[in-house]
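Protein chains: 2
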Amino acid sequence: MSRRIEDYLEERKILVERALEKFMPRPSGLAGDVIRAMNYTLFAGGKRIRPVLCMAGAEAVGGSADHVLPVACAIELIHSYSLIHDDLPALDDDDFRRGKLTNHKVFGEAIAILAGDGLLTLAFNLMTRYGLEGKVEKKALLRVIDLIASAAGYQGMVGGQVVDISSEGKDQDPTVVEYIHTHKTGALIAASVTAGVILAGGNEEEVKSINTYGQQIGLAFQIADDILNIEGNSSMMGKEIGGDEERGKITYPSVFGITQSKQVQRESIDHAIEALNSFDERAEPLRDLARYIIKRKA
Amino acid sequence: MSRRIEDYLEERKILVERALEKFMPRPSGLAGDVIRAMNYTLFAGGKRIRPVLCMAGAEAVGGSADHVLPVACAIELIHSYSLIHDDLPALDDDDFRRGKLTNHKVFGEAIAILAGDGLLTLAFNLMTRYGLEGKVEKKALLRVIDLIASAAGYQGMVGGQVVDISSEGKDQDPTVVEYIHTHKTGALIAASVTAGVILAGGNEEEVKSINTYGQQIGLAFQIADDILNIEGNSSMMGKEIGGDEERGKITYPSVFGITQSKQVQRESIDHAIEALNSFDERAEPLRDLARYIIKRKA
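Chains F and E supply the protein sequences, listed in that same order.
According to my numbering, the residues represented by the first sequence are 1 to 298, in order.
According to my numbering, the residues represented by the second sequence are 1 to 298, in order.
Quick caveat, the hints were computed from the structure, so don't treat them as lab data.
Among the hints, a few may not be true.
Identical copies go unnamed one by one, so any copy, or any two together, can satisfy a pair.
Each computed DMTMM-like pair below joins lysine to aspartate or glutamate, with the alpha-carbon atoms no more than 25 angstroms apart [to be verified]:
| id | residue 1 | residue 2 |
| --- | --- | --- |
| 1 | K208 | E10 |
| 2 | K135 | D94 |
| 3 | K47 | E205 |
| 4 | K105 | D93 |
| 5 | K139 | E204 |
| 6 | K208 | E133 |
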């Protein structure tokens with residue numbers, strides 16, 4: 001399984017990289033600095049898990065990976081923007097990510113804030129242009145844009161980030177860590193795979209099942225991140241490990257311990273795969289991806 | 001004229017306030033702080049010029065103000081987000097706006113950054129939901145969302161803000177001040193009125209003319225802002241005046257002098273009104289608004 005999913009991930013990742021290259025503006029003109037900063041973090045070596053999930057979602061209901069690329073890439077832009085803003089001195093104050101200096105360390109805080117704003121806004125351009133080219137059913141697209149905006153906004157990622165920050169140094173509260181995980185990471189991961197299914201014309205039952213799948217792997221993914229922050233190898237992670245504990249962050253392992261966290265992770269993966277019961281072999285990459293998530297090392 | 005346009009502005013502003021109250025979430029739950037911060041700046045006493053322009057654009061081609069309210073309000077959310085981020089210590093570092101403490105002075109930098117992100121994202125939710133409710137032609141709506149995202153993004157407002165900041169203390173260059181004005185303020189103002197015309201089913205010629213109108217009043221509006229920053233009354237402006245000069249900002253008056261700036265302003269208003277030549281009396285509020293812009297005192 002491991003070899004198969006790694007090949008799948010690599011193939012889909014190449015599609016994403018090519019499409020991102022095509023969609024992104026080249027630095028030019030008076031505002032060239034902000035375009036340079038936008039490209040810097042977007043091409044700083046991400047795993048492209050979210051766009052791959054979007055494509056795998058489409059494929060699971062008979063759609064094609066190519067067809068959903070503009071939305072898949074838009075989601076990656078949103079993810080990149082969130083990394084730039086999360087790393088800012090006022091938020092997590094991180095100097096390194098994926099082994100490279102963070103955006104504000106290279107371009108300064110002002111440009112970093114604006115580069116994040118630019119990526120978030122451009123994500124919506126990618127999606128609307130895709131619709132205006134007439135390549136997708138407009139109602140499905142509007143539904144997907146709405147879903148992604150909700151997953152990214154105060155109802156999702158922004159909300160999770162607020163609670164993550166405001167809970168630093170506070171009591172280790174299970175309700176809080178669950179809120180952070182489902183909102184900060186889970187919401188956009190679930191939206192990624194669900195968007196693929198909606199765009200490929202999946203029925204309401206498929207949309208519902210895939211959303212459950214997305215929420216469950218999102219939880220497993222964030223727990224994996226938390227565990228890697230404790231057990232990981234800092235050269236593979238590209239940043240210092242142990243940062244969460246130092247900051248008094250509320251994480252899954254800090255609230256539940258590593259053993260129970262790994263147990264929850266395994267259960268989430270089981271629930272995710274269960275949610276795909278009514279899907280046929282075209283959902284095999286999604287099943288493999290779920291198992292792969294808890295095995296990653298960086 | 002002055003009385004008539006003031007009544008018009010007041011009536012439309014009430015529609016906007018009511019709609020914003022309806023659309024905005026109430027602070028609740030663990031992420032209540034960010035919702036509170038989003039509402040704080042959105043309801044800090046803006047003039048609602050952009051949403052009123054959107055409504056007046058729709059009315060100029062026979063549409064109704066009510067019909068375009070979700071998009072008009074979305075534009076105001078985007079404007080509010082831009083104010084929050086512009087005021088941040090890493091950017092303009094302003095403590096007051098409209099006589100009130102700026103967002104980061106009340107909620108802290110982290111929440112202010114995230115509140116801006118939340119408003120920008122929610123703006124897209126307002127627009128997509130409007131489309132999903134089936135109240136507007138979906139292709140027109142996608143075109144409008146694309147237009148607004150371009151006006152807000154690196155191609156528009158974000159680009160203008162980058163150049164505004166990076167040119168502080170540099171040579172007074174006419175090309176630079178024109179770039180800043182057309183991008184930082186002009187783009188979203190032009191998009192506001194153009195969005196109204198597109199949503200109300202205006203033809204391509206009307207869309208083109210109204211876009212020229214919007215660009216011209218956008219320029220006049222920003223020059224008015226620059227002049228008020230020199231000549232204005234700080235209690236009416238709700239912030240300290242003279243800040244631009246102190247920071248070495250490149251503004252219209254600093255490059256061209258006040259006399260020539262006022263001349264350019266008058267010409268812009270003439271061009272704006274000329275662009276409305278083929279429109280009938282339903283465009284009267286737009287003509288009045290153009291004249292009103294250079295008379296405002298705060």
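Tested hints:
no.	hint	in the structure
1	K208 - E10	neither (28 angstroms within a copy, 46 angstroms between copies)
2	K135 - D94	neither (40 angstroms within a copy, 45 angstroms between copies)
3	K47 - E205	neither (29 angstroms within a copy, 46 angstroms between copies)
4	K105 - D93	both (10 angstroms within a copy, 19 angstroms between copies)
5	K139 - E204	both (14 angstroms within a copy, 24 angstroms between copies)
6	K208 - E133	between (28 angstroms within a copy, 21 angstroms between copies)
Of the numbered hints given earlier, the model fails hints 1, 2 and 3; all others are met.
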